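Enquirer: Working from the sequences, and respecting the hints, build out all of it.
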Amino acid sequence: MESKWTLSLGETTTCGAETIVKFVSETKENEKPNIVSATAGGHFKAIAVDNLLAAVREQDLCSINFSNTIDEIAVLTGGYIAVGERSGVLTVGILEGDNHFCVKLSCMLIPEAKGPTEKTFVHLSFLITQELETESRAQIICLSHEGHLMTFIDIILKNSDIDVSCVKRGKLATPHDKVFDLVTLQNQIITVGSGAFCVADYTVVNGQVLLQETSSWDSEEPVEMVKIQVLADARVFVTLDSKGKFYLWDMLTMTVVHTWTVAGVSNFRLLHVKIAQSFRLSDLKILVVQQGKVQTLTLPTLAVSSEYTTGADFADLSKSSVSQDEVYVAECSKVEDEDGVETTVYFRCYTEINPVKRLQRLIAKKRYEEAEKYAKLFGLPFNLDPEIVQSKMREVQESFAAAVMHIQQCKEQLLRNKSQDSSATDVLAELLELEHRLEAYRLVFGEENYNPSEWETFQYENPLTMFWKLLMIEPEKAFKLWTCFQKDLQEQLKPGLLHQLLQRIPSSVPCQMVVDWLCQAVIPFIVTSDPDAVTSVIQWVEEQIQTLEMNGKESGIDDALQVCGSVLKSLQQAVTCDIKMNCGLALSPLKSLIKFLHGLKELKTKYKCHLTLSAFKKETKESIAYRMLDGVLDVHLLPVVLNGQVLPYLKHHKIDHDGVFAKYIQDLLVRSDAKHTHHLWEDKVKALIKIICDPKAKVMAVLNLLDHVMLPLPEFIEELVSEVITTIQHPLVTSLKEKWDIKEADNILAMYGLNPREVNSTYDARGAAKYILASGGLFSQAQKILSAHKISDDDVELPMFQCRLLIERNQVDRLIPYLKQLPSKTARRCCDRIICSAKYSMASVDLEQKQVAFRQEADVVFQSMQTTRFQYYEAAVVSASFLKTLIEDKLEMEETEKMVQTIKNVWCLEIYKGVCLNDVVLSDKKRCMDYFSQLAETSSSIVLVGLGRLLNLTDGDILEATIAACAKKSCSEIVAKIL
1 MESKWTLSLG ETTTCGAETI VKFVSETKEN EKPNIVSATA GGHFKAIAVD
51 NLLAAVREQD LCSINFSNTI DEIAVLTGGY IAVGERSGVL TVGILEGDNH
101 FCVKLSCMLI PEAKGPTEKT FVHLSFLITQ ELETESRAQI ICLSHEGHLM
151 TFIDIILKNS DIDVSCVKRG KLATPHDKVF DLVTLQNQII TVGSGAFCVA
201 DYTVVNGQVL LQETSSWDSE EPVEMVKIQV LADARVFVTL DSKGKFYLWD
251 MLTMTVVHTW TVAGVSNFRL LHVKIAQSFR LSDLKILVVQ QGKVQTLTLP
301 TLAVSSEYTT GADFADLSKS SVSQDEVYVA ECSKVEDEDG VETTVYFRCY
351 TEINPVKRLQ RLIAKKRYEE AEKYAKLFGL PFNLDPEIVQ SKMREVQESF
401 AAAVMHIQQC KEQLLRNKSQ DSSATDVLAE LLELEHRLEA YRLVFGEENY
451 NPSEWETFQY ENPLTMFWKL LMIEPEKAFK LWTCFQKDLQ EQLKPGLLHQ
501 LLQRIPSSVP CQMVVDWLCQ AVIPFIVTSD PDAVTSVIQW VEEQIQTLEM
551 NGKESGIDDA LQVCGSVLKS LQQAVTCDIK MNCGLALSPL KSLIKFLHGL
601 KELKTKYKCH LTLSAFKKET KESIAYRMLD GVLDVHLLPV VLNGQVLPYL
651 KHHKIDHDGV FAKYIQDLLV RSDAKHTHHL WEDKVKALIK IICDPKAKVM
701 AVLNLLDHVM LPLPEFIEEL VSEVITTIQH PLVTSLKEKW DIKEADNILA
751 MYGLNPREVN STYDARGAAK YILASGGLFS QAQKILSAHK ISDDDVELPM
801 FQCRLLIERN QVDRLIPYLK QLPSKTARRC CDRIICSAKY SMASVDLEQK
851 QVAFRQEADV VFQSMQTTRF QYYEAAVVSA SFLKTLIEDK LEMEETEKMV
901 QTIKNVWCLE IYKGVCLNDV VLSDKKRCMD YFSQLAETSS SIVLVGLGRL
951 LNLTDGDILE ATIAACAKKS CSEIVAKIL
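Numbering (full-length UniProt numbering), first residue to last: 1 to 979.
Hints are computed from structural coordinates only; laboratory data are not their basis.
If you're wondering where the values come from, they're calculated on a predicted model, not measured in any experiment.
Each hint should be verified, as a subset may be incorrect.
Claimed, not checked - In silico DMTMM-like cross-links for lysine to aspartate or glutamate, where the CA-CA straight-line distance does not exceed 20 Å: (1) Lys770 to Glu808; (2) Lys617 to Glu549; (3) Lys4 to Asp337; (4) Lys553 to Glu543; (5) Lys487 to Glu448; (6) Lys227 to Asp181; (7) Lys790 to Glu744; (8) Lys651 to Glu682; (9) Lys739 to Asp707; (10) Lys469 to Glu456; (11) Lys608 to Glu549; (12) Lys684 to Asp658; (13) Lys171 to Glu112; (14) Lys690 to Asp658; (15) Lys32 to Glu439; (16) Lys591 to Glu542; (17) Lys158 to Asp181.
Expert: Shown next as structure tokens:
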């Protein structure tokens with residue numbers, strides 16, 4: 001977009017102001033132009049009017065037209081420029097050698113403001129985050145109209161060029177409801193705005209902007225801070241709220257120390273007229289533009305020390321770098337004539353009007369050569385009075401030798417002054433302190449490593465602050481610094497600060513170096529002023545002992561004892577001097593630590609047992625023996641460890657080794673993994689139990705073994721338990737037998753997938769035993785389950801269950817051998833129950849027939865029941881033969897034979913004739929005759945005789961029934977059947 005402005009370089013005026021650039025409008029529109037300006041020292045300046053940007057470097061002018069109105073600009077020494085347009089586009093570029101503006105980056109950053117006159121960009125700033133010899137890293141901080149902070153990070157500035165290949169865009173979260181202004185320092189950003197916190201301090205770490213601290217002004221109504229300015233040395237900063245009230249803040253504490261009000265001011269600048277070690281409000285001036293006048297106000301009186309009337313319709317202070325002393329103002333004037341309104345914009349630099357005040361300013365800025373020339377030019381007196389010497393003496397020189405000479409010259413100049421000013425003594429003391437600081441700088445950094453910028457900081461910085469910084473990066477230099485400023489640092493060591501110092505010492509610092517520092521420079525005086533100092537020192541010593549231990553050096557314990565001994569000796573001397581402190585109580589942790597270290601050393605050297613200090617503290621004398629035994633990885637080495645380590649150790653401490661071994665077995669099993677992949681622990685347990693001599697201890701060891709050994713039981717357990725039961729005579733053996741029965745039963749249950757914990761009652765035990773038998777287990781295994789749960793051997797339920805399994809699995813041939821293994825009484829009862837079961841099977845015949853009559857489809861069920869019935873018939877016949885050998889009573893014998901004969905008849909009738917009868921039918925002669933008559937018609941005479949015998953019929957009954965059945969047939973057939 002073409003610009004309506006004509007641009008030209010300005011000229012120096014005689015009224016204390018220098019015109020840098022002048023803009024004149026080519027149109028006659030009566031509109032207020034949009035003006036923004038920024039400077040980076042006196043060598044590089046820029047001003048934008050509407051869409052036209054003018055950049056001035058030295059005496060060269062470069063102008064750039066942009067597409068949209070320019071809302072905000074930021075400049076940086078070296079010709080770097082950032083431009084924010086109202087459309088939301090951010091452009092970053094550089095002025096090249098021929099003052100050609102080269103664009104390096106242009107992108108849409110934030111949405112355009114909705115209002116036609118509302119700015120999209122409110123503030124732009126460069127922030128240098130890293131400075132190297134060949135390049136620097138920077139960020140661009142953008143404040144939008146909505147009060148949001150946007151960042152462009154990783155901008156690389158090198159060789160008068162910009163590298164934006166690694167640029168990343170981000171948004172900075174703030175504690176404000178809306179941000180109104182900000183200021184950037186070295187790796188620091190301070191923002192002001194509205195909300196609960198009106199001030200926020202950020203620090204830049206590795207390119208990342210991190211919120212460090214927030215603050216607010218206590219008032220009944222919320223305060224909106226709209227402007228902020230900060231001093232170059234970052235001691236204080238000043239903010240302006242929306243009601244025209246100024247606030248002076250202390251940078252270190254982030255608290256308001258003074259307030260004042262200047263009506264009608266919307267922008268301001270700070271002027272530091274005097275730089276001293278201690279800051280006073282009178283050292284500060286404030287520059288404002290008020291009612292067309294550029295005024296310098298003295299604090300705290302707000303008196304106008306200098307004033308310049310601009311004569312402009314509008315004037316505003318230019319944005320400048322923090323360390324800049326020059327004051328630049330943008331002025332806008334309008335002249336109306338018959339053709340319309342001509343608008344002119346001036347960009348000017350102001351200087352002091354009063355020569356005396358100008359001289360004072362030059363001296364305050366440490367520009368002594370220029371001040372001397374200026375004094376000669378205006379004929380002003382220029383004597384190096386104490387105040388001037390005070391201002392001059394901190395001037396930074398290029399070499400260490402020059403710095404020494406400069407301080408010596410200042411001392412001579414101060415002493416040559418014939419005035420009897422009382423301040424001379426104070427300045428001399430300050431000069432001697434500066435001389436002491438220079439010597440301290442030499443001792444800490446070395447004369448050959450002199451750096452002007454470092455020495456400038458070293459002059460003013462608090463020794464404790466310097467100690468903090470050096471402690472993190474160069475601890476050796478930090479301790480040297482402490483030696484130089486020991487008295488000052490001792491006064492600043494407030495309660496609790498020693499603890500923080502010790503915690504910040506890097507682990508790479510040699511421990512002995514810190515111990516020497518503590519014992520010589522800290523402990524002798526800190527104990528009386530800091531009640532927690534002893535605790536802090538002992539805590540640090542404990543941490544160092546852990547570090548020494550982790551290093552794994554052979555001399556680690558000796559080094560730890562040396563550290564503890566040195567610190568204890570120093571603490572004892574210091575604590576003894578403090579009558580308020582209980583020496584024994586305060587030092588008991590350190591003495592205990594030394595005692596542990598001696599014990600650890602003895603354990604390592606005498607008994608070849610290696611433990612960490614933390615582990616040693618948790619151990620008892622008995623558990624240390626456990627750890628020795630833990631180290632045995634091969635059971636063949638156990639005798640060596642026992643004779644060389646364990647037994648001598650236990651003997652030295654008068655501990656019974658049998659009890660220790662018994663408890664160790666329990667401890668070993670508790671710590672062992674549930675799934676053992678090797679048998680080391682088994683071999684170790686066997687060996688230790690054999691070593692135990694005391695009967696009680698040996699039985700207790702085996703009991704503990706059974707309590708904790710996992711299922712399934714290892715093979716050696718049974719042998720071990722049997723040996724102890726048979727060889728040891730002790731009351732506890734009874735308990736061992738009972739526990740072994742239970743453990744053996746549990747092992748059997750586990751073999752068949754049963755959970756021993758679920759078998760608690762007699763009912764559970766019977767069920768488990770039956771399950772084992774049903775699963776194909778041995779009867780002896782099932783019997784052990786019952787025995788372990790105190791179920792009598794006379795109980796017939798389990799043997800009978802086994803008989804049922806043999807019968808129903810069609811293994812009747814194994815029935816008699818099994819019965820012969822049982823006691824006679826149990827075997828007889830089993831035989832009786834088998835015969836009874838067969839009898840009950842006969843009783844179910846009628847029910848089966850009825851069911852089959854109504855359910856012909858139940859052939860499968862009928863066949864199954866018939867098979868089972870036949871199995872029990874066969875078992876009853878077989879067991880009856882064995883039962884005869886056990887019965888002595890003839891009457892009982894006859895009853896048994898009778899029942900068995902009935903079973904045989906029923907069995908044969910069903911097998912050979914397909915007749916399903918039971919004992920009730922066979923005892924009813926009439927029903928037997930009816931069955932016989934039904935079968936006589938179709939059966940041969942030979943079959944009829946056998947059938948009659950099975951139905952318990954006599955020969956007469958058979959003949960009678962045969963004749964009756966054949967009455968309808970021929971005589972020859974009847975005679976044939978009868979014969």
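Enquirer: Would you mind marking each hint as holding or not holding in the structure?
Expert: Each hint tested on the structure:
no. : hint             : in the structure
1   : Lys770 to Glu808 : holds, 15 Å
2   : Lys617 to Glu549 : holds, 14 Å
3   : Lys4 to Asp337   : holds, 18 Å
4   : Lys553 to Glu543 : holds, 16 Å
5   : Lys487 to Glu448 : violated, 27 Å
6   : Lys227 to Asp181 : holds, 5 Å
7   : Lys790 to Glu744 : holds, 14 Å
8   : Lys651 to Glu682 : violated, 26 Å
9   : Lys739 to Asp707 : holds, 9 Å
10  : Lys469 to Glu456 : holds, 16 Å
11  : Lys608 to Glu549 : holds, 17 Å
12  : Lys684 to Asp658 : holds, 15 Å
13  : Lys171 to Glu112 : holds, 17 Å
14  : Lys690 to Asp658 : holds, 10 Å
15  : Lys32 to Glu439  : violated, 60 Å
16  : Lys591 to Glu542 : holds, 12 Å
17  : Lys158 to Asp181 : violated, 29 Å
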